[in-house]
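*Asks:* Line by line, the protein sequences are chains A and B.
The first sequence begins at 0 in numbering that gives the first Met the number 0 and counts up by one.
The second sequence begins at 0 in numbering that gives the first Met the number 0 and counts up by one.
These aren't lab readings, by the way, just hints derived from the structure by calculation.
Do not rely on the hints blindly, as some may be mistaken.
Pairwise CB distance ranges (calculated) [as the list claims (entries may be wrong)]:
id	chain 1	residue 1	chain 2	residue 2	range
1	A	E210	B	M198	17 to 27 Å
2	B	G286	A	W330	25 to 35 Å
3	B	G240	A	A228	22 to 32 Å
4	A	T316	B	D31	29 to 39 Å
5	A	D282	B	G146	43 to 53 Å
6	B	H143	A	G207	28 to 38 Å
7	A	R283	B	G286	48 to 58 Å
8	B	G124	A	G207	34 to 44 Å
9	B	A175	A	T316	41 to 51 Å
Capping the alpha-carbon separation at 30 Å, the derived lysine-lysine pairs in DSS-like fashion look like this [claimed, not checked]:
id	chain 1	residue 1	chain 2	residue 2
10	B	K201	B	K227
11	A	K1	B	K278
12	A	K278	B	K1
13	A	K1	A	K278
14	B	K201	A	K201
15	B	K278	A	K227
16	B	K227	B	K278
17	B	K1	A	K201
18	A	K227	A	K201
19	A	K227	A	K278
20	A	K1	B	K227
21	A	K227	B	K227
Backbone N, C-alpha and C define an ideal beta-carbon position, used for all residues, glycine too.
Protein chains: 2
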Amino acid sequence: MKKLINLPQDAVREELEGIAAAHSDRVRVHADPSYIVRVDAPVRGKVAIVSGGGSGHEPMHGGFVGRGMLDAACPGEVFSSPTPDQMLAATQAVNGGSGVLYLVKNYTGDVMNFEMAAELARDEGVAVEMVVIDDDVGVRDSLHTAGRRGVGATVLAEKICGAAAELGRSLPEVAALCRTVNASARSMGVALTSGTVPMVGKPTFALGDDEIEIGVGIHGEPGRERAKAASAHDIVGVLAGAVLDDLPLSRGDRVLAFVNGMGATPLMELYVVYNELHKLLTDRAIGIARNLVGSYMTSLDMAGCSITLLRLDEELTALWDAPVLTTGLRWGA
Amino acid sequence: MKKLINLPQDAVREELEGIAAAHSDRVRVHADPSYIVRVDAPVRGKVAIVSGGGSGHEPMHGGFVGRGMLDAACPGEVFSSPTPDQMLAATQAVNGGSGVLYLVKNYTGDVMNFEMAAELARDEGVAVEMVVIDDDVGVRDSLHTAGRRGVGATVLAEKICGAAAELGRSLPEVAALCRTVNASARSMGVALTSGTVPMVGKPTFALGDDEIEIGVGIHGEPGRERAKAASAHDIVGVLAGAVLDDLPLSRGDRVLAFVNGMGATPLMELYVVYNELHKLLTDRAIGIARNLVGSYMTSLDMAGCSITLLRLDEELTALWDAPVLTTGLRWGA
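Please build the complete structure, drawing on both the sequences and the hints.
*Replies:* Below is the structure:
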């Protein structure tokens, strides 16, 4: 294993120190228990949104803390759930009196710990709602997960719900919106290579020089099929096909098309993938009203990508376009 | 070779089609000869800035086309110089009557072709100045280069000169500023793995499982030393040490610290590197007034990073902070 780290057991802590050093104008990083909050937290009268999960998926979630997106993120160790005490401390740090939404990817440990934190927070009188994202059509009941896994739709839900919270919507409204985003989005990914967990020191799974894993999870969980390496055209056909099988879209529908890199895939290839996706959707008279191309939800140094489609309406589009000021996503005033 | 492409010889063309499909609100992509221009080009009365170089370094340069940065970028084939006819066509597309700056990385082919394009453009009555960036202290007189190579400072020069041009500065002023940025910045990189050029199909160079290439070029050119894999702490010591040997900084100086990923290195590791750099500079009482952490000048799927330091004064800081609206860098109004 060659990585730009020191001791594997220190990688997450040192990463967080780096984020603190680089972005102290934007976020505060708390240690023991560790969480990242926007520098102006708590924002009085605003619903706060807290997310979190194992490290190794950066910029998700810590890179999405800031005005217009998350109020706090709780980083676990690499590919390990954060603990309820991290979540509770983050909740206390961001609670502005209008309640807190936990936006959680569907992995058993994350869900269990966020549920426990929600109980603890409610005991303290904080109104907490929790929405679980499960957009990955790759497989059902995977390693670490009952039901479908939560992947790319998480980024979109964090952005859209963050905008709604910033506009002053209530906790039930923001939670309902989050469920709408989850219900309107599907994803599937592919791995060309495995990532390597620092503490393990070798690739999570083995792929031959001519093999790819279709439907892979963001922790290297097995997908639908170990297939022969194929063209971008064919891979996009499989990924987008699976997404469209599960998310009925009609001619004239408009979507947000998200091509996400897994960490070790250069932008050049993501644009080739986007080009194929654009042609496929255009052929079906599905309009791409918005897009996002880049590495936003990664899996350490895995090579590969995922495709997420989100059906848009006017409200979701306006919330997507609203200003956001994070290190990972940034636009608008 | 596993990549998310179709035929290797089509990768750059299809990437450009993807960029055109994704960002038609921001840029126009011209084919044959290929170049990318801001959607509102030419901007009357503004100095235009044109850059370019081989593909495979994305988001550089095409991702930096937009308000506050580049007016046009000319992409060559992977790791191959763009041609004078691309540069001339881009120049004609962006010339707003106040002259054009060619901002060129120091590679023999790029320099030669931009010089040829400058002559052709001047024959047509366009005022052209050219500034060559050569900030890489790794080696002198490398493969493809006489003198030092141009690397990370290019991103900073494009941003800072783009801001100056947007403010209405004259061509000689913007060119002088570009020379100041180049004179005030130094870089060095390290490779943990080689990238693979699609048309070649195998890694550009071979590195053992316990080897790294110190001072590597962005095309995989040899660096100073093939060394044993080392900790982030030690690697940063070597890279920043070489930069500081060449760029005299004193206690109390303020810099922009840029930690750049080479394409296959996840953000997690870049923040560990940034953390080490922050500690090293703090120990020397050099202040980091601004920073940039991410993969902005890549080398296909090479794993590794580079460090660039730019000595800042008030003017450079203000120009860095000025609004920029590109797909690769975006902030401000």
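*Asks:* Within 25 to 35 Å or not, the Cβ separation of G286 of chain B and W330 of chain A?
*Replies:* Taking Cβ atoms as reference, G286 of chain B and W330 of chain A lie about 29 Å apart, which means the hint holds.
*Asks:* Has the given pair, K227 of chain A with K227 of chain B, been kept, meaning a C-alpha gap of at most 30 Å?
*Replies:* Violated. K227 of chain A to K227 of chain B sits at ~35 Å, over the 30 Å cutoff.
*Asks:* Within 30 Å, alpha carbon to alpha carbon, are K227 of chain B and K278 of chain B?
*Replies:* holds, 23 Å
*Asks:* Kindly confirm whether 43 to 53 Å is satisfied by the beta carbon distance between D282 of chain A and G146 of chain B.
*Replies:* With a Cβ separation near 50 Å, D282 of chain A and G146 of chain B satisfy 43 to 53 Å, so the hint holds.
*Asks:* Hint says 29 to 39 Å; check whether the CB-CB distance for T316 of chain A and D31 of chain B agrees.
*Replies:* Taking Cβ atoms as reference, T316 of chain A and D31 of chain B lie about 35 Å apart, which means the hint holds.
*Asks:* Take the C-alpha atoms of K278 of chain A and K1 of chain B, compute the straight-line distance between them, and say whether it is at most 30 Å.
*Replies:* The given pair, whose Cα atoms are some 22 Å apart, holds under the 30 Å limit.
*Asks:* State, for the Cβ atoms of G240 of chain B and A228 of chain A, whether the hinted interval 22 to 32 Å holds or is violated.
*Replies:* Taking Cβ atoms as reference, G240 of chain B and A228 of chain A lie about 41 Å apart, which means the hint is violated.
*Asks:* The hint says 28 to 38 Å between H143 of chain B and G207 of chain A; measuring C-beta to C-beta, is that right?
*Replies:* Taking Cβ atoms as reference, H143 of chain B and G207 of chain A lie about 34 Å apart, which means the hint holds.
*Asks:* Going straight from one Cα to the other, do K1 of chain A and K227 of chain B come out at no more than 30 Å?
*Replies:* holds, 10 Å
*Asks:* Next pair to validate is K201 of chain B with K227 of chain B; report whether the Cα-Cα distance is within 30 Å.
*Replies:* Holds, at about 23 Å.
*Asks:* Using the beta carbons of A175 of chain B and T316 of chain A, state whether their distance is inside 41 to 51 Å or not.
*Replies:* holds, 44 Å
*Asks:* Can the restraint linking K1 of chain A and K278 of chain B be considered satisfied, given a maximum Cα separation of 30 Å?
*Replies:* Given pair K1 of chain A, K278 of chain B holds - Cα atoms ~22 Å apart, limit 30 Å.
Of the numbered hints given earlier, the model fails hints 3, 8, 13, 15 and 21; all others are met.
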